[in-house]
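Student: Just so you know, UniProt numbering puts 189 at position 189 of the sequence shown, and the rest follows in order with no gaps.
Calculated from the structure, these hints are not laboratory results. Keep in mind that a hint or two might mislead.
In silico DSS-like cross-links for lysine-lysine, where the CA-CA straight-line distance does not exceed 30 Å [stated by the list, open to error]:
| # | residue 1 | residue 2 |
| --- | --- | --- |
| 1 | Lys301 | Lys227 |
| 2 | Lys77 | Lys66 |
| 3 | Lys77 | Lys158 |
| 4 | Lys227 | Lys158 |
Remember, predicted model here, so these are calculated numbers, not experimental data.
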Amino acid sequence: MNTNTVARPHKRKTGGVPQSYDFRRPMTLAREHARILEMAFETYARQWSMQLTSRLRLISTIVMEKVELISYDEYVKGLDQHTVLALVSLDDSRASSVLQVPTATVMTWIDLMLGGPGLTNNVPDRDLTEIETHLITDLFGATLADLRYAFASVLDLKPEIRGIQYSPQFVQVTPANEAVLVARFEIAMNDATAHMSMMIPADLLVTPMRLGEGTDALTVGEAAEAKAVQERLNRNMEQVPLDLAVAFRTTKIQSKDLSSLSVGQVIHLNHAVSRPLDLLVDDLLVGHAMPGSVGKQLAAKVVSANPSQGLSGSNLDASQWEPEPAR
């Protein structure tokens, strides 16, 4: 045996630079949700291609490259310093989504809409004029109308353009660490390609999918089983024992009066003679009742089982109900 031979420790392969991960806001997307979103954005890309081909009279091909869940800050850092950003409202909330198209691509579209051949070289990075803004807003509006069709199975969207911006660093539509869905597209026109993107706050699409998860994929047998389980649950809930209390209204006293309570002392209650007693379950008011007796047991006759619709202490009269007489 060679005692000079020393076993070399196994070197573990490194997996790159460690990245921070916020477990409170995981940037992960369920596989089934990711596939649903990919199909919706692929549909939108096809509709967008046909829309541009029709409006610009030039064959345009748009392909959805990928859908990812990242932070808004990461999305903004990946954009050019000057690009065309359409701020879009997709529902009635104040949250805004973003449709991003490179400035050069937008200028090409505008030139085509004005009857030109389509600018391809030496396109300056500048803000749009008033006329150009009107043209591109109209084009974006027609394009976003197809978004509602593409996402009909996910959510009823109502796309509406709120404005046009150009500097991603100054467009704070959502907090920097907020999770957003980003769909990336590639467009091919005149042998030239460009990359576009759409950013949507994750909660706008992911939350409805989680709430409705599995409801549309049930077979007839599964739906019947789910209904039977729900009915059985309802029956069991109806048999849960509860403690019902019949009580006067509470009366406030001073602490010195509490410490000096004595037998025979009369306490004036904050409860009118004509007012029924309260029916309580865990301090929840469920009705009103008038006191009485059945045999040798005290009893209460229910006079209101829905107090929210009805009986207040100011308009009740004890003569309207006849409690059971003592026997």
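Student: Would you mind marking each hint as holding or not holding in the structure?
Tutor: Hints and how they fare:
Distance restraint check for lysine 301 and lysine 227: the Cα-Cα separation of roughly 37 Å exceeds the 30 Å cut-off, and the hinted pair is therefore not satisfied. As the CA atoms of lysine 77 and lysine 66 are separated by approximately 18 Å, the hinted pair is consistent with the 30 Å bound. Proposed proximity of lysine 77 and lysine 158 is supported: the alpha carbons are some 28 Å apart, at most 30 Å. Proximity of lysine 227 to lysine 158 is assessed by CA-CA distance (about 33 Å); at most 30 Å being required, the pair is judged violated.
Comparing the model with each earlier hint shows violations of hints 1, 4; every other hint is respected.
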